[in-house]
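> Got chain A sorted already, so can you dock chain B onto it with the hints?
Chain order of the listed sequences is A and B.
Counted the way this note's numbering counts, the first sequence spans residues 2 to 316.
Counted the way this note's numbering counts, the second sequence spans residues 602 to 915.
In case anyone wonders, no lab produced these hints; they're calculated from the structure.
The structure presented is a predicted model; accordingly, all values stated were derived computationally and were not measured.
Mixed in with the good hints there might be a few duds.
[To be verified] Selected chain B positions facing chain A (Cβ under 10 Å, derived; list incomplete):
hint: 1; residue: R625
hint: 2; residue: N642
hint: 3; residue: Y643
hint: 4; residue: P658
hint: 5; residue: V695
hint: 6; residue: L697
hint: 7; residue: V698
hint: 8; residue: L699
hint: 9; residue: L711
hint: 10; residue: V714
hint: 11; residue: L719
hint: 12; residue: L737
hint: 13; residue: I739
hint: 14; residue: W783
hint: 15; residue: E806
hint: 16; residue: S869
By construction, the Cβ of each residue, glycine as well, lies at the ideal position given by its N, Cα and C atoms.
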Amino acid sequence: MTLTIERPSTKPAASRIDKRAPWEEPPTTVGQAAKGLTLGGVLAVVIVPLWIIVVTSLSTPAAINRAGGLVIWPDGLTLEPYREMLGDPTVRTALLVSLGITLVGTAVSMVVSVLCAYGLSRPRSLGHRVILILLVVTMFVSGGLIPTFLVVTDLGGYDQWWSLILPSAVSVFNILVLRSFYSSTSTDLIDAARMDGAGEWRILWSIVLPTSRAVTAVITLFYAVGYWNAFFNVMLYLPTDAQKWPLQYVLLTFVNRGNGMPGSVNAGFGTGQAQTAPLSLQMAVVVLTLVPLLIVYPFMQKHFRTGVLTGAIKG
Amino acid sequence: MTTPKLSTGRPPRLSWRVRLRRDRSLLLMAVPAVVLLVVFNYAPLFGLVTAFQEYDPLVGVWHSDWVGFAQFRALFGDPLFWQAMGNTLYLSFVQLVLFFPIPIALALLLNSVLSERLRNVIQSVVYLPHFFSWVLAITIFQQMLGGAGVLNQFLRTHDIGTWDIMTNPSTFALLVTSQAIWKEAGWSIIVFLAALAAINTDLYEAAAADGAGRLRRLWHITLPGLRGVIVLMLVLRLGNALSVGFEQFLIQRDAVGHDAADVLDTFSFYYGITTNNYSYGAAAGLFKSVISLVLIWGANKLAHAFGEDGLYRR
Numbered sequence: 002m003t004l005t006i007e008r009p010s011t012k013p014a015a016s017r018i019d020k021r022a023p024w025e026e027p028p029t030t031v032g033q034a035a036k037g038l039t040l041g042g043v044l045a046v047v048i049v050p051l052w053i054i055v056v057t058s059l060s061t062p063a064a065i066n067r068a069g070g071l072v073i074w075p076d077g078l079t080l081e082p083y084r085e086m087l088g089d090p091t092v093r094t095a096l097l098v099s100l101g102i103t104l105v106g107t108a109v110s111m112v113v114s115v116l117c118a119y120g121l122s123r124p125r126s127l128g129h130r131v132i133l134i135l136l137v138v139t140m141f142v143s144g145g146l147i148p149t150f151l152v153v154t155d156l157g158g159y160d161q162w163w164s165l166i167l168p169s170a171v172s173v174f175n176i177l178v179l180r181s182f183y184s185s186t187s188t189d190l191i192d193a194a195r196m197d198g199a200g201e202w203r204i205l206w207s208i209v210l211p212t213s214r215a216v217t218a219v220i221t222l223f224y225a226v227g228y229w230n231a232f233f234n235v236m237l238y239l240p241t242d243a244q245k246w247p248l249q250y251v252l253l254t255f256v257n258r259g260n261g262m263p264g265s266v267n268a269g270f271g272t273g274q275a276q277t278a279p280l281s282l283q284m285a286v287v288v289l290t291l292v293p294l295l296i297v298y299p300f301m302q303k304h305f306r307t308g309v310l311t312g313a314i315k316g
Numbered sequence: 602m603t604t605p606k607l608s609t610g611r612p613p614r615l616s617w618r619v620r621l622r623r624d625r626s627l628l629l630m631a632v633p634a635v636v637l638l639v640v641f642n643y644a645p646l647f648g649l650v651t652a653f654q655e656y657d658p659l660v661g662v663w664h665s666d667w668v669g670f671a672q673f674r675a676l677f678g679d680p681l682f683w684q685a686m687g688n689t690l691y692l693s694f695v696q697l698v699l700f701f702p703i704p705i706a707l708a709l710l711l712n713s714v715l716s717e718r719l720r721n722v723i724q725s726v727v728y729l730p731h732f733f734s735w736v737l738a739i740t741i742f743q744q745m746l747g748g749a750g751v752l753n754q755f756l757r758t759h760d761i762g763t764w765d766i767m768t769n770p771s772t773f774a775l776l777v778t779s780q781a782i783w784k785e786a787g788w789s790i791i792v793f794l795a796a797l798a799a800i801n802t803d804l805y806e807a808a809a810a811d812g813a814g815r816l817r818r819l820w821h822i823t824l825p826g827l828r829g830v831i832v833l834m835l836v837l838r839l840g841n842a843l844s845v846g847f848e849q850f851l852i853q854r855d856a857v858g859h860d861a862a863d864v865l866d867t868f869s870f871y872y873g874i875t876t877n878n879y880s881y882g883a884a885a886g887l888f889k890s891v892i893s894l895v896l897i898w899g900a901n902k903l904a905h906a907f908g909e910d911g912l913y914r915r
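Pulled out of the complex, with its shape left as it was, chain A reads as follows (with noise of 0.2 Å):
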């Protein structure tokens, strides 16, 4: 007997031929010119900031000088203020810092949620019912900002990073979303799998999850840009020490509470005097922030495109 893997529902939704149909009116020049510029602004709004903010952090003093600002068109490239910045104390413990939560909160997240997705998907098994809607309960109530604060500090999470992690870790809705890809994992295979005497570890690990890639990518993803992005959490349980403060917060406090006058921000970096911290430099934190999504994001983009969200999200 064969079994054939089928990758659950991560096809992708009704593929279109690439050409007109022949009951469709020609296109009008105006329609297509419109469409064309709409189209063309909307890739502009995006891309052009992020041009800029790149051209900026990779400019001369001089260029920055010449432009009087943020430069648009490169004049004069050099990587020093990347130098500049990767050896300040301050931009490095924070990029440690981010990096370390991400990778941590990241695994900590997936394992829980992939353990308890599994756990819940299994058809008329054991209270898996109750559970579920324990769950979606919390989607819809919360204690809100005040109570959640309170129950973090009585546990001892000021100044902790695991008050950066744990409270955030589990995301009921990334857990239903993976749910709905291993209910709909051939039951055959596990069936399968169970009489030759394979358990329920057994047989996520090496049936439901093997079979389930793009999801679990996509999930990932989702959960590692929540704990990169984070910046309330630092705000609420880590205000005070700086040393402890990832990427974000630098960025806020650094850049951001500069309020959009370069040359003004008046906390040196790491040097905790008052100093300038150059425009190009400002940008290259700016770029740093944005470094490992843009690596990653190449590989995850297609599956944004398959039916790996739609699916799940009236559900």
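Positioned in the frame of chain A, the structure of chain B alone reads:
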């Protein structure tokens, strides 16, 4: 090979002991998530009782004095609270009107692009800002539109004067809405694209054969096909009407002042945590949660009245 046994109806019901032995590893797998949710989601629910206390961090929730509804009375007499409430509703309304139609229009536009490669490129680009943090998104806005940003750089070199958008309280609603659109509108098209892909293309062909032009096909086929998703998204939007981008306001509050930027969530934070007035902030939070539940329930009722499922079925 044997023919599979034809079973009729459900399998015989096993006693819970047998099922417990059979499913114990499944239950064990769910334990870590359940523990985390109990500690960090259910315990805070219990912690909402602080809204009826004068919470003292030194003695904790068990020994703080009970004050009944005094916190709520103080809250409802606080002009700052009503200002935050007003701002929340106003900003939510502006976002609903200006933001909501954009992903639908963008999805329709994208769907009409014939080249699959071009569609993929556009999708990848417009999804990207969704993954930026609010700190990053606002920093980008600041560098483009702020006092020393690209826009003002241009205005200054051409002697047109300056236009500071980032610190102007009177245009704050438009600013935060455009930020929300910039960051999230692209990502929001995902559900609409999926709904568009699910519409049967034969319908369009038949309609075209009957002489229906582009607009009539849009009106009679596309929009009805999107109706379910549009209603669902509206329900979610209304249910979240009291939670307008917390982090977004927190970051920009200093720049535009609390008159324009305080919403219910930031109110809880600034008048609860930073002033150690925990019970007061908890009362504001509880008030917000109760109203939000009512809103979700009401929005669903509305969806059912339109014959749609909404968030949950009847």
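> Taking the hints in turn, state whether each one holds.
Now the hints, each set against the structure:
Interface restraint check: B/R625 against chain A, minimum CB-CB distance 8 Å, threshold 10 Å, status holds. Nearest Cβ of chain A to the Cβ of B/N642: about 4 Å, under the 10 Å cut. The hint holds. Because the closest C-beta pair between B/Y643 and chain A is about 8 Å apart, less than 10 Å, the hint holds. Interface hint at B/P658: satisfied, since its Cβ lies 8 Å from the closest Cβ of chain A, which is below the 10 Å cut-off.
Against a cut-off of 10 Å between C-beta atoms, the interface hint on B/V695 is violated, since the closest Cβ of chain A lies about 19 Å away. Interface restraint check: B/L697 against chain A, minimum CB-CB distance 20 Å, threshold 10 Å, status violated. A cut of 10 Å between beta carbons decides the hint on B/V698: the least distance to chain A is about 20 Å, and the hint is violated. About 15 Å separates the beta-carbon of B/L699 from the nearest beta-carbon of chain A, more than 10 Å, and the hint is not met.
Satisfaction of the interface hint for B/L711 is found here, the shortest Cβ-Cβ separation to chain A being roughly 8 Å, below the 10 Å cut-off. For B/V714, the interface hint holds, the least distance from its beta-carbon to any beta-carbon of chain A being 7 Å, beneath 10 Å. Interface restraint check for B/L719: the shortest CB-CB distance to chain A comes to about 8 Å, inside 10 Å, so the restraint holds. The beta carbon of B/L737 is positioned within 10 Å of a beta carbon in chain A (closest approach about 6 Å), and the interface hint is therefore held.
Given the 10 Å rule on beta carbons, the hint for B/I739 holds: about 6 Å separates it from the nearest Cβ of chain A. At a threshold of 10 Å, the smallest CB-CB gap from B/W783 to chain A is about 7 Å, leaving the interface hint in force. At about 5 Å, the closest approach between the beta carbon of B/E806 and any beta carbon in chain A falls short of 10 Å, and the interface hint on this residue holds. Taking 10 Å as the C-beta contact cut-off toward chain A, the hint placing B/S869 at the interface holds, the least distance being around 5 Å.
The structure shown violates the earlier hints numbered 5, 6, 7, 8.
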